[in-house]
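Student: Chain A is already provided as a structure; the job is to place chain B on it using the hints.
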Amino acid sequence: MSDRKFSVIGTDQVRKEAPDKARGEAIYADDIRLPRMLHGRIKRSDYAHARIISIDTSAAEALPGVKAVVVGSEAPQKYGIVPQAPTETAMAIDKVRYHGEPVAAVAATDPDIAEKALDLIEVEYEPLPVYVNTHDAIAEGAVALHEDNKYGNIAYQARQEFGEVDKAFEESHLVIEKTYKTSYVNHVFMEPHSAVARFDDNGDLRMWSSTQVPHYLHTMLSKVMDMPMAKIHVTVPNVGGGFGGKGEASNNELIAALLSRKARRPVKVIYSRREVFLQHRGRHPIEMKVKMGVDKEGYITAIDYDGLMDGGAYGAWGIIILFYTAAMLHLPYKVKNVRFFGRRIYTNKPTCGPMRGLGGVQPRFALESMMDELAIKLGMSPYELKLKNAIDKKHVTVSGVHVRHSEYKKCLEEVVSESGYLDKHGKLPFGKGVGLAGGYYISGTAYTLYMSYKPHSTALIRLDSESGVTLQCGATDIGQGSNMVLAMMCAEKLGLPYESIHVISGDTKNAPFDLGSFASRVTVAAGSAVCEAADKLIEQILPIAGVALGCRADQLAVGNGEIYSIYEKEIRMPFWDAVEKYIAAHGPLSATGSYTPPRRTGDFKGGNVGHSPTYGFTAHVAEVDVDTETGEVKVVNYNEAGDCGQPINPLSVEGQVEGSIVMAMGQALYEEIKMTPDGRLMNPNLHDYKVPTMRDIPNIKTLAVESYDEDSPFGAKEAGEGPIQPTIPAILNAIYDAIGVRFTEMPVTPEKVLAALAAKGQE
Amino acid sequence: MKKIITLNINGDDYDLAIKPTDFLVDIVRDTVGLTGTKKGCNIGDCGACTVLVDGRPILSCLTLAMSVVGKKIKTIEGVADGPELDPVQQAFIDKGAIQCGFCTPGMILSTTALLERNPAPTEEEIKHGLAGNICRCTGYVKIIDAVKHAAVLKTKEGTDVR
Chain A
1 MSDRKFSVIG TDQVRKEAPD KARGEAIYAD DIRLPRMLHG RIKRSDYAHA RIISIDTSAA
61 EALPGVKAVV VGSEAPQKYG IVPQAPTETA MAIDKVRYHG EPVAAVAATD PDIAEKALDL
121 IEVEYEPLPV YVNTHDAIAE GAVALHEDNK YGNIAYQARQ EFGEVDKAFE ESHLVIEKTY
181 KTSYVNHVFM EPHSAVARFD DNGDLRMWSS TQVPHYLHTM LSKVMDMPMA KIHVTVPNVG
241 GGFGGKGEAS NNELIAALLS RKARRPVKVI YSRREVFLQH RGRHPIEMKV KMGVDKEGYI
301 TAIDYDGLMD GGAYGAWGII ILFYTAAMLH LPYKVKNVRF FGRRIYTNKP TCGPMRGLGG
361 VQPRFALESM MDELAIKLGM SPYELKLKNA IDKKHVTVSG VHVRHSEYKK CLEEVVSESG
421 YLDKHGKLPF GKGVGLAGGY YISGTAYTLY MSYKPHSTAL IRLDSESGVT LQCGATDIGQ
481 GSNMVLAMMC AEKLGLPYES IHVISGDTKN APFDLGSFAS RVTVAAGSAV CEAADKLIEQ
541 ILPIAGVALG CRADQLAVGN GEIYSIYEKE IRMPFWDAVE KYIAAHGPLS ATGSYTPPRR
601 TGDFKGGNVG HSPTYGFTAH VAEVDVDTET GEVKVVNYNE AGDCGQPINP LSVEGQVEGS
661 IVMAMGQALY EEIKMTPDGR LMNPNLHDYK VPTMRDIPNI KTLAVESYDE DSPFGAKEAG
721 EGPIQPTIPA ILNAIYDAIG VRFTEMPVTP EKVLAALAAK GQE
Chain B
1 MKKIITLNIN GDDYDLAIKP TDFLVDIVRD TVGLTGTKKG CNIGDCGACT VLVDGRPILS
61 CLTLAMSVVG KKIKTIEGVA DGPELDPVQQ AFIDKGAIQC GFCTPGMILS TTALLERNPA
121 PTEEEIKHGL AGNICRCTGY VKIIDAVKHA AVLKTKEGTD VR
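So the sequence lines, in the order shown, correspond to chains A and B. With the numbering used here applied, the first sequence closes on residue 763, and no number is skipped along the way. With the numbering used here applied, the second sequence closes on residue 162, and no number is skipped along the way.
Think of the hints as simulated: they come from the structure by calculation, not from any bench. Quantities reported herein were computed from a predicted structural model and do not represent experimental measurements.
Covered stretches of chain A (in silico footprint by chain B; criterion: 3 or more residues with CB under 8 Å from a CB of chain B, positions within the stretch not fixed): (1) 27–35; (2) 188–194; (3) 238–251; (4) 476–483; (5) 645–656; (6) 677–688.
Using N, Cα and C, we set each Cβ at its ideal position, and we do this for glycine too.
Excised from the complex, chain A in its bound form (with noise of 0.2 Å):
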């Protein structure tokens, strides 16, 4: 905002560690090269449903170079995300619910004899019914995946309804019911998952691993090797990407742990990408059976919301996802009567997790698509819909969540604007279309199961005159750029210069608590707990500063590397002079924040969702062009504007903002993992998965919103996961527009375009 005025904040700052990723001389987990280190390497199943019988892994053992053999049976304890209910083990002990699903594993001094050591073990199996589909694993009479769940296999179910949903229905003027599929999608993020560890002799384990969440992986640690947590010291180099896929403990890392406890020497273990595609967590595949209704003048009634998510073989994040889709439901729309029932199931695939934007996607596209054509079928353009509906600047949800700032409708004006959607739709020739879908995402907020725990994150900054500020932090840089953010508030309140704050990041020793980069929580949670810190550290220094100057400490403020009398210009002083003498006089500087999200009361419902401290709102505008010879479709240009707040970093933004569009792109026309009957993946590979590479790409505009959320950090919100929710129903909805079919399933290929065509014609 124009009255206020940052020196940091909201320029475009160059990220520290870019130069040496340019050189190439970032270091990645597989990087890491420790004298005696051997290759651990994977046996997997090769059925997706099956009782192991027995292993022997004899032969592997007598190999020549082989140093230690793992299997399932000496890590038994389970784990997962939601600590409650876990659901696996670090190899499969008695049955693999997944084809390629790890059984053993193994070191070797190099990764040939590895190979060649996995081979070598001999598993017997008894086969067991596959499920590939949600239908045939709840029908009558399936086998159950985990005989310890209580509901067969599905997993989890809820149900919540608010307000008086079928009257609402039976009032409304026009009501919609239709049913919309989502793909099996991955996360695709370039550094396969990568872990070295390392025991010494009193017992401790390290690790460095591409992971996003040091802090799980260190209690999932702790609770699979058996161990005190203090006795494990995770680290996280440069990781190459996450996108929620590295964001709970992954087998790799544990058995990396086991086979380094096992054979008392470091152990690297290293995803191929088939691995990848295997241990997996991508997008749950959702069939949805949504209905709903709007008055006559366009205002939405109400919802009703059936899911069935396809889960794969484990419970991961999947309870967690569950309730974000519920609470997906009411925004950034005031709808009065919602009612949802969700149900995740458990089925012979590769599990399935928190993927960029969870729990919004699926049900975005589902509404977003509906409303265009409810408006259509008004005779309204779908925008003059949308924002009739949209929340306002404040909003309180049927299901009790509390938005406290939104631009919502700044954006769907601003990137109609932009875009000239309103001249171009129902107006451009047959073939060519634009589409508009909105879209919000939690910010700064964790999962419930945490609430009423520590804080979900701290800082810690030390200030010394001989080695400068460094800003310790939990939070953990996966190429999003946090420790950029956080460098840069840090800076901003102690007004000194960017480049002059070392951060240390994603460290469970080194650095104080954080939950992890997940949900986009770290912009509003760390960036909340390093300007407390930063205040702190003010407070302590100004007086100093004060009696240095013969000034009041509360006429003092900093900036420019000084501290100074915000009444009398001459009454000066460097900060670092004020840091020595604090330091000469009291010893050590240093302060704490720490940030949770406020905790709801009353009768709030529908996941943590509610808890968040604020949301992020986008819209977007697609055009494409729909080749009706090869039913190509080539989204031509795009438009976004979004309310993140204030940008810290705009640059950093647009490239979240980017990034996302071409991500949600890929998943609405060319991305699916295919599945044989059997269970095997037919295409985990980046050859026959395909994702959008430069030359897809239309031509991308993104705009920020005027915005300032003054309850956030520097008024900031998320953008990381807000702008990939509207992207598929927009590209959707242009699809419509271009030719007049509306898709209810993705990916919209080619082949789907064709057919829909010709099935046109014939009408």
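Tutor: Same frame as chain A, but now just chain B:
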């Protein structure tokens, strides 16, 4: 049996004991220790392992180390000559084209080769030239900006009298 070969990497000769089946990416990373070359897929789909052989971009995960004896190999570590960054690297940094950085070495080497054969590429030519390098963070927009900027920086550099 291993054989001793000599590879010229970034202008330096390395005498290396290799198996005939060893791929260049593993020799560069594990034997020579230049870990800037990344492995994203190991079967030639992602472009992260791109290196230059006699100035042309190749996928080092599909190239046998034996096959590049006597050729000039350039990895990401050989792009900057000493303390100064190369204009391509500088452009990637300044334009925000680097997020997680895992695709960056391959992108920079593909860009280097592109600008070598076409010093002023159009946007279409950039997209064509870098289509073999996958990035999942940036949506490519900032990378295209960086390549355009690098072309300008390199042209300026070429006209400098040194």
